[in-house]
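These protein sequence lines are chains C and P, in that order. To convert, take the position in the first sequence, counting from 1, and add 1; that gives this note's numbering. To convert, take the position in the second sequence, counting from 1, and add 1; that gives this note's numbering.
These are calculated hints, taken from the structure and not from any lab test. Just so you know, nobody snuck in bad clues.
Which copy is meant is left open, so a pair is good if it fits within one copy or across any two.
Here are the simulated DSBU-like pairs of lysine-lysine, each with C-alpha atoms no more than 30 Å apart in a straight line:
| # | residue 1 | residue 2 |
| --- | --- | --- |
| 1 | Lys388 | Lys83 |
| 2 | Lys442 | Lys388 |
| 3 | Lys362 | Lys442 |
| 4 | Lys357 | Lys388 |
| 5 | Lys216 | Lys198 |
| 6 | Lys216 | Lys22 |
| 7 | Lys310 | Lys285 |
| 8 | Lys216 | Lys78 |
| 9 | Lys388 | Lys216 |
2 protein chains.
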Amino acid sequence: MKGVGGSIVEKASIAKSAALKLANASTEEKDNALLRIAAAIDEDRGRILAANEKDLEAASKLTREGKMSKALLDRLKLDNVKIDEIVTSVKDVAELEDPVGRTQLALELDKSLELFQVSCPIGVIGAIFESRPDVLVQIAALCLKTGNAVLLKGGSEAHNSNAALFTVVVEASVGGEIPAGWIQLLETREDVNAMLKLNDYIDLLVPRGSEQFVKYIQANTNIMVLGHSEGVCHVYVDRDSDLEMAEAVSYDSKVQYPAVCNAVETLLVDSTIAADFLPRIAEKYQNAGVELRGCPKTLEVLRSTEQLKPASEEDWRSEYNDLIISIKVVDGVDAAIDHINQYGSGHTDAIVTSNKATALKFLRFVDSSSVMHNASTRFSDGFRYGKGAEVGISTYKVHARGPVGLEGLIIYKYLLLGTGQVVARYVGADAKEFTHRELQKQFPL
Amino acid sequence: MKGVGGSIVEKASIAKSAALKLANASTEEKDNALLRIAAAIDEDRGRILAANEKDLEAASKLTREGKMSKALLDRLKLDNVKIDEIVTSVKDVAELEDPVGRTQLALELDKSLELFQVSCPIGVIGAIFESRPDVLVQIAALCLKTGNAVLLKGGSEAHNSNAALFTVVVEASVGGEIPAGWIQLLETREDVNAMLKLNDYIDLLVPRGSEQFVKYIQANTNIMVLGHSEGVCHVYVDRDSDLEMAEAVSYDSKVQYPAVCNAVETLLVDSTIAADFLPRIAEKYQNAGVELRGCPKTLEVLRSTEQLKPASEEDWRSEYNDLIISIKVVDGVDAAIDHINQYGSGHTDAIVTSNKATALKFLRFVDSSSVMHNASTRFSDGFRYGKGAEVGISTYKVHARGPVGLEGLIIYKYLLLGTGQVVARYVGADAKEFTHRELQKQFPL
Numbered sequence: 002m003k004g005v006g007g008s009i010v011e012k013a014s015i016a017k018s019a020a021l022k023l024a025n026a027s028t029e030e031k032d033n034a035l036l037r038i039a040a041a042i043d044e045d046r047g048r049i050l051a052a053n054e055k056d057l058e059a060a061s062k063l064t065r066e067g068k069m070s071k072a073l074l075d076r077l078k079l080d081n082v083k084i085d086e087i088v089t090s091v092k093d094v095a096e097l098e099d100p101v102g103r104t105q106l107a108l109e110l111d112k113s114l115e116l117f118q119v120s121c122p123i124g125v126i127g128a129i130f131e132s133r134p135d136v137l138v139q140i141a142a143l144c145l146k147t148g149n150a151v152l153l154k155g156g157s158e159a160h161n162s163n164a165a166l167f168t169v170v171v172e173a174s175v176g177g178e179i180p181a182g183w184i185q186l187l188e189t190r191e192d193v194n195a196m197l198k199l200n201d202y203i204d205l206l207v208p209r210g211s212e213q214f215v216k217y218i219q220a221n222t223n224i225m226v227l228g229h230s231e232g233v234c235h236v237y238v239d240r241d242s243d244l245e246m247a248e249a250v251s252y253d254s255k256v257q258y259p260a261v262c263n264a265v266e267t268l269l270v271d272s273t274i275a276a277d278f279l280p281r282i283a284e285k286y287q288n289a290g291v292e293l294r295g296c297p298k299t300l301e302v303l304r305s306t307e308q309l310k311p312a313s314e315e316d317w318r319s320e321y322n323d324l325i326i327s328i329k330v331v332d333g334v335d336a337a338i339d340h341i342n343q344y345g346s347g348h349t350d351a352i353v354t355s356n357k358a359t360a361l362k363f364l365r366f367v368d369s370s371s372v373m374h375n376a377s378t379r380f381s382d383g384f385r386y387g388k389g390a391e392v393g394i395s396t397y398k399v400h401a402r403g404p405v406g407l408e409g410l411i412i413y414k415y416l417l418l419g420t421g422q423v424v425a426r427y428v429g430a431d432a433k434e435f436t437h438r439e440l441q442k443q444f445p446l
Numbered sequence: 002m003k004g005v006g007g008s009i010v011e012k013a014s015i016a017k018s019a020a021l022k023l024a025n026a027s028t029e030e031k032d033n034a035l036l037r038i039a040a041a042i043d044e045d046r047g048r049i050l051a052a053n054e055k056d057l058e059a060a061s062k063l064t065r066e067g068k069m070s071k072a073l074l075d076r077l078k079l080d081n082v083k084i085d086e087i088v089t090s091v092k093d094v095a096e097l098e099d100p101v102g103r104t105q106l107a108l109e110l111d112k113s114l115e116l117f118q119v120s121c122p123i124g125v126i127g128a129i130f131e132s133r134p135d136v137l138v139q140i141a142a143l144c145l146k147t148g149n150a151v152l153l154k155g156g157s158e159a160h161n162s163n164a165a166l167f168t169v170v171v172e173a174s175v176g177g178e179i180p181a182g183w184i185q186l187l188e189t190r191e192d193v194n195a196m197l198k199l200n201d202y203i204d205l206l207v208p209r210g211s212e213q214f215v216k217y218i219q220a221n222t223n224i225m226v227l228g229h230s231e232g233v234c235h236v237y238v239d240r241d242s243d244l245e246m247a248e249a250v251s252y253d254s255k256v257q258y259p260a261v262c263n264a265v266e267t268l269l270v271d272s273t274i275a276a277d278f279l280p281r282i283a284e285k286y287q288n289a290g291v292e293l294r295g296c297p298k299t300l301e302v303l304r305s306t307e308q309l310k311p312a313s314e315e316d317w318r319s320e321y322n323d324l325i326i327s328i329k330v331v332d333g334v335d336a337a338i339d340h341i342n343q344y345g346s347g348h349t350d351a352i353v354t355s356n357k358a359t360a361l362k363f364l365r366f367v368d369s370s371s372v373m374h375n376a377s378t379r380f381s382d383g384f385r386y387g388k389g390a391e392v393g394i395s396t397y398k399v400h401a402r403g404p405v406g407l408e409g410l411i412i413y414k415y416l417l418l419g420t421g422q423v424v425a426r427y428v429g430a431d432a433k434e435f436t437h438r439e440l441q442k443q444f445p446l
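With the sequences and hints as input, model every part of the structure.
Written as structure tokens, this is what we have:
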């Protein structure tokens with residue numbers, strides 16, 4: 002099995018060499034390789050499901066012994082429907098526009114001295130993920146599309162599934178301009194820590210997993226990480242809001258899919274409308290089984306509501322990922338902004354208001370990757386943002402922020418095309434001047 | 002003195018709060034503050050030069066005792082000419098276009114549900130630099146222009162100069178929309194290590210100093226670093242090159258200014274032209290006082306040349322920053338590319354050739370931030386690339402690569418403007434479809 006076996010540094014070194022070739026593969030070759038991967042997964046589903054069955058047996062035993070959660074077991078499970086989804090998602094990636102090789106800027110520095118800024122792959126991506134084996138294929142497809150080599154490390158509980166999927170991907174993809182070694186599978190738990198120190202080989206880490214998992218990675222590497230550990234999102238209902246709209250947005254942001262990072266965790270309500278709005282939304286939440294945790298003012302307004310708990314300081318920082326919401330009454334938009342910037346995670350926050358000036362203030366001063374006006378926080382997502390694919394959501398403020406598509410796996414290089422120019426002619430007493438004139442040209446000429 | 006005194010976490014926390022305000026300062030207010038800074042430095046030069054004099058006295062003592070290099074002493078020294086340069090550079094930054102608040106994308110997700118990607122400051126920049134006090138003003142100006150707060154840590158040998166410049170910058174800049182606290186000076190050596198752990202406050206580190214200094218920072222933080230530790234640059238002279246042009250480019254790349262990161266360190270020469278080219282360039286280099294270190298083939302071709310040393314394996318990885326060059330004879334462009342990708346630092350590499358296909362191969366397969374065809378490596382520089390200002394040169398392959406201008410201090414946020422939309426309407430059986438139509442609109446509407 003290619004890529005299985007060998008030390009992590011050997012694998013990383015092979016990936017780095019392969020990256021230099023893959024960076025220059027044509028769009029057609031990359032897309033054809035993606036379509037071959039999709040077809041192979043479709044055809045080899047028997048082999049893949051058999052491998053997954055082995056993982057499920059071991060995992061079920063752990064679940065019975067109380068050593069693995071039912072949720073984890075569910076994420077591990079593949080079936081024909083999931084395989085179909087994987088096949089479709091790889092085909093979808095093939096359909097996307099190739100982001101590599103685009104001229105982002107063409108600038109004449111002087112006559113016959115032209116600078117081109119051209120998009121290119123980053124190089125080697127380190128992908129670390131937990132349990133879900135479908136993530137292996139998804140990340141592999143995104144890396145191949147963008148011309149990046151990839152080192153993959155999946156969860157040990159999905160060992161057999163990952164090995165089977167990896168083999169299918171390697172066998173289907175390599176050939177022509179797609180170099181052997183562009184994808185490498187790491188298998189031991191120790192590999193994770195070794196990977197975090199591979200600065201000389203890995204240009205970007207993409208972790209996928211629980212909050213603790215991503216936090217661990219962020220804290221233990223000085224390689225750039227693309228990701229987010231938390232989604233502590235807010236909806237602020239302003240005094241000037243349409244309460245029906247506020248109810249709809251607050252409800253959707255929490256209830257439509259509570260397990261995800263862009264679901265709301267804290268509802269902020271302007272004090273002047275708290276008495277009107279809180280009973281309405283509380284009833285609606287409680288009908289949907291949402292547990293409410295309120296600040297003192299919320300408790301006072303909702304004193305006749307059953308099963309209402311007081312919120313602790315810890316609640317304002319909590320990502321429940323569940324049918325729980327904390328509620329705080331605040332004095333206006335400034336207090337809401339301050340609360341969000343203090344307790345939020347910089348992910349997604351929304352205001353409901355019909356006051357344009359208030360909305361503008363919120364949009365400008367809330368320091369989050371996505372800020373919404375009169376829309377559910379649940380919209381912050383790569384597909385909804387029209388990216389065609391989502392590499393991840395980033396709460397970092399460098400490289401890529403918010404929902405990240407293929408652009409997160411792309412960087413650029415500068416190409417300067419001259420006719421023998423030397424810098425000595427552009428300095429000193431008789432210095433030539435630069436023209437710095439934008440050109441309507443594409444590289445290569 | 003504002004910002005002097007207080008713990009590092011207090012200062013970082015103040016900077017973070019100030020950043021939220023500064024991010025929304027108008028272009029006019031920021032540019033006016035820059036012009037006030039320029040004027041104040043001009044007027045207060047007596048105070049600044051007196052402070053610098055104190056640093057110079059202490060440093061001269063160290064130099065006499067052999068504890069500080071003469072070069073460091075030179076970098077520390079301010080005089081009226083340097084002050085004039087600082088004043089001009091701050092005025093130049095004020096003249097640049099404001100990169101903040103630009104709509105990078107406007108996309109209709111659905112009717113009355115519009116997404117805007119708008120450029121914004123990163124937040125808090127951590128700038129760490131050695132000896133040169135003028136760097137303090139330069140980085141402060143770039144951060145103010147881009148709306149970023151900044152924590153500055155200069156070299157202890159420039160303690161008095163930095164404190165004086167810092168005070169002038171604070172007093173001149175704060176007021177109106179420019180919040181107190183936007184700039185903070187850290188003063189003790191321990192502050193550097195503390196700074197490297199301030200992940201919750203600092204979004205990006207910008208180190209300026211020696212190779213060892215930058216390497217130390219890169220290795221001891223998991224905050225993103227913008228910078229480069231090494232510039233091991235190459236010129237490859239191809240078999241199909243105009244030898245006169247090759248001579249000019251090779252000479253300029255080394256001799257025009259050898260102390261900088263974009264100067265060439267290794268000359269690669271195609272074996273088929275080595276006998277013609279090497280004697281010419283060797284003579285020219287030696288006339289300029291350049292020490293030559295050659296591979297065995299180079300030594301053979303140049304056996305009649307005096308003062309030629311053999312190059313060791315270590316030479317291929319060395320950044321001399323001096324009048325020294327290593328020379329290697331290689332078999333064609335593929336061998337040149339392999340050598341560069343193995344030993345280079347991903348900074349700047351050039352080919353001299355009149356063969357277009359060979360040039361294209363080199364431009365595509367050399368994995369460096371700047372790749373040149375028939376031009377000196379010395380062109381890779383923010384000002385020459387038309388950026389108006391240079392934040393640094395980055396050999397990282399994320400965020401910003403190569404010569405980095407103001408864009409390196411900028412990120413974006415997504416703003417979604419709706420009319421009450423909820424995600425529940427866009428999923429399931431009766432799901433609405435997204436339109437994903439690009440709009441010709443600017444935020445704010």
